[in-house]
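Given only the sequences and the hints, what does the whole structure look like? Please build it.
Taken in order, these protein sequences are the chains called R and W. Numbering-wise (UniProt numbering), the first sequence opens with residue 1 and increments by one. Numbering-wise (UniProt numbering), the second sequence opens with residue 1 and increments by one.
Do not take every clue at face value.
Identical copies carry no separate label here, and so any pair may be met within one copy or between two of them.
[To be verified] Taking lysine to any residue and the SDA-like style, the derived pairs with C-alpha atoms no more than 20 Å apart in a straight line are: (1) Lys5 with Ala51; (2) Lys29 with Glu41; (3) Lys5 with Arg56; (4) Lys5 with Arg55; (5) Lys5 with Arg35.
Quick caveat, the hints were computed from the structure, so don't treat them as lab data.
The chain contents come next:
Protein chains: 2
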Amino acid sequence: MATLKDVARLAGVSVKTVSNVVNGYSFVKPDNRRRVEEALEATGYRPNLGARNLRRGRTGFIALVLPELSIPYFAELASLVIAAAQEHEWNVLIEQTFGTLAGERAALTSLGPHLVDAAILSPEALQVDDFQLSVPAVLLGEHAVDVPISRVGIDNVAAAQAAVRHLISLGHERIAAIGAHPHRGTAALRLEGYRRALAEASLPFDDDLVVPALNYHRADGAAAMRSLLDLPTRPDAVFCFNDLLAIGAMRAAAERLVRVPADLAVVGFDNNEESVYSSPSLTSIAPDKSAIAHAAVDLLHRRVESGELLDDVETPFSLQVRESTVAR
Amino acid sequence: MATLKDVARLAGVSVKTVSNVVNGYSFVKPDNRRRVEEALEATGYRPNLGARNLRRGRTGFIALVLPELSIPYFAELASLVIAAAQEHEWNVLIEQTFGTLAGERAALTSLGPHLVDAAILSPEALQVDDFQLSVPAVLLGEHAVDVPISRVGIDNVAAAQAAVRHLISLGHERIAAIGAHPHRGTAALRLEGYRRALAEASLPFDDDLVVPALNYHRADGAAAMRSLLDLPTRPDAVFCFNDLLAIGAMRAAAERLVRVPADLAVVGFDNNEESVYSSPSLTSIAPDKSAIAHAAVDLLHRRVESGELLDDVETPFSLQVRESTVAR
DNA sequence: TCGGGTCTTTACATCGTTGGAACAACGATG
DNA sequence: CATCGTTGTTCCAACGATGTAAAGACCCGA
Chain R
1 MATLKDVARL AGVSVKTVSN VVNGYSFVKP DNRRRVEEAL EATGYRPNLG ARNLRRGRTG
61 FIALVLPELS IPYFAELASL VIAAAQEHEW NVLIEQTFGT LAGERAALTS LGPHLVDAAI
121 LSPEALQVDD FQLSVPAVLL GEHAVDVPIS RVGIDNVAAA QAAVRHLISL GHERIAAIGA
181 HPHRGTAALR LEGYRRALAE ASLPFDDDLV VPALNYHRAD GAAAMRSLLD LPTRPDAVFC
241 FNDLLAIGAM RAAAERLVRV PADLAVVGFD NNEESVYSSP SLTSIAPDKS AIAHAAVDLL
301 HRRVESGELL DDVETPFSLQ VRESTVAR
Chain W
1 MATLKDVARL AGVSVKTVSN VVNGYSFVKP DNRRRVEEAL EATGYRPNLG ARNLRRGRTG
61 FIALVLPELS IPYFAELASL VIAAAQEHEW NVLIEQTFGT LAGERAALTS LGPHLVDAAI
121 LSPEALQVDD FQLSVPAVLL GEHAVDVPIS RVGIDNVAAA QAAVRHLISL GHERIAAIGA
181 HPHRGTAALR LEGYRRALAE ASLPFDDDLV VPALNYHRAD GAAAMRSLLD LPTRPDAVFC
241 FNDLLAIGAM RAAAERLVRV PADLAVVGFD NNEESVYSSP SLTSIAPDKS AIAHAAVDLL
301 HRRVESGELL DDVETPFSLQ VRESTVAR
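Structure representation (structure tokens):
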């Protein structure tokens, strides 16, 4: 592999001059520049990033810490983050925590400042005192603990409210919620949105209709739905805190021969691609994932480049109405 | 951030002695070792990986080059590869190609040897002469071009044959195939498995029943299915070359009020988690993704450690029978 | 006490790159 | 013609770690 030294020898100039050409320094004689460029071409020179970063004190990597790549929402997000990071010549290192406190702590401690320049965190279990970060970071979504780290994400309360309002506008009165969670910040916010929508329509809040879910996987949604269907009086609609829960819920409903949306309307959250093709397709809150990815990466870039402290960013969302609430 | 120098000063020894302790060198006096360890603890020293790798000529990263993370199969695989790589203290760098030749070429050229120690490639469009790699690599799946790079994956012909045999054993005689592709190696192999299964059952091979798909997304499956349903004589079963195509196909069938499996049996390939919860759930070929991830990473690790040249690895698969072929 | 081997530690060079200082060449200015 | 500022180039040190070689400490038997 060619180094600056090799290129310099070939071009008959000093190493630094080659470095200057590579880095776009203006004051290089046209003649030398040409010779260097030819030599670069001939040797196929590629900078040694390790060495460059050692010198510059940067690594060229950012970390993306998330629960699990096999969850569609995070896979889609990761895809967008990678693309956004590329625009700033950043490579993305993905760390999976599997939603556990131990996993999140491990990820955080492994993020030494020589490994990454910055980090995007999507924590689920972290406590306040865990946030002793050695690099700039942003949080995705919301988090219950109050830490001095910028957040990027949608207004969860408003989004949940919009989802439930939609159900109410269709005439549903006994609306369940799946996905309550003791520690998850977003769960509390979405529950609050659910509450508010009920309240503004003067519908009663019924504890029996709020079902917790520990993992937000499809299986949890199915289990929660079964317990709802076992109630003396079934709900006529259900708001699930993510699409996977909703998919599981629709599956459980189908197994009990409960028709969606005729007998039960379902709304999800995340707008996974999967939900567009399910039968019935799923009405869902659609956060602008691309906006989230870009905002997070841009925020970090500005932070790293100029050191400025940063505000939170609220990204837009929309409600995608599909067959699970309105029959085609 | 503490460096070896800081630790050395604190412990009152030379930098190299600290380095020796950090790297587990045996011959360090117990007394010095203790003092160094205390100093390491006190400073919270973490090695600068860039510097270490510059010196060692290793980077500690491997690349995983795949079409797109938002495709469930690749997301699941990436998740497993990251976990497997961790066992060898490797970090994983994910590069997305979006299935284009340009994207794959770009990914390959960006993989200088100072960026990654090795690469796992899942190419779709690459040509023979593109494989001028500067680091050890393995290919996932099959590829039409014949290059001297180890492959890891299942026997695609046998797997496709098993899928179609299953349909035949259920009495289907007019079996379609969705996913033919001019350049994709796996597509040719799966088509060959389909052919063989038909041949061994003395069923005719009908060109009209083989539908190409360019992108293997849900939308492509839906479009292909619609064209099949427009045929004068509809198929009574369809074998899709991946689960996304199958999900799209089932969606299109539902829109035309064609019942699955009563009017049309469907088999997919990949066994995505999504397919377990779809309605109806999807019968699918299940490659052992964990085995694939481990085999690929282990292969590369041995290659990098000992330099040995490596054979291909064939990983197991199974057929998961669900509602899309056998009503519950 | 000396020679010889085994431990243990250190100084130094090095990996490939870039920042900074030094220096050289140049035309322009007074 | 001396001085000056602007360009253009080179040399040297440094980023933080580790391999090498050599030196120092130690213990053994002769």
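Lys5 and Arg55: within-copy, between-copy, both or neither at 20 Å Cα: both (16 Å within a copy, 17 Å between copies)
Alpha-carbon proximity context of Lys5 and Arg56, limit 20 Å: Answer is both; intra-copy 19 Å and inter-copy 19 Å each pass.
Intra/inter-copy verdict for Lys5 and Arg35 if alpha-carbon distance must be at most 20 Å: within (14 Å within a copy, 41 Å between copies)
Within, between, both or neither, where Lys29 and Glu41 count as close if Cα-Cα is 20 Å or less: Close inside one copy (18 Å), not across copies (52 Å); limit 20 Å.
Intra- versus inter-copy proximity for Ala51 and Lys5 (alpha-carbon distance at most 20 Å): Cα proximity of Lys5 and Ala51: in one copy and across copies (13 Å, 19 Å).
Violated hints for the displayed structure: none, as all numbered hints are satisfied.
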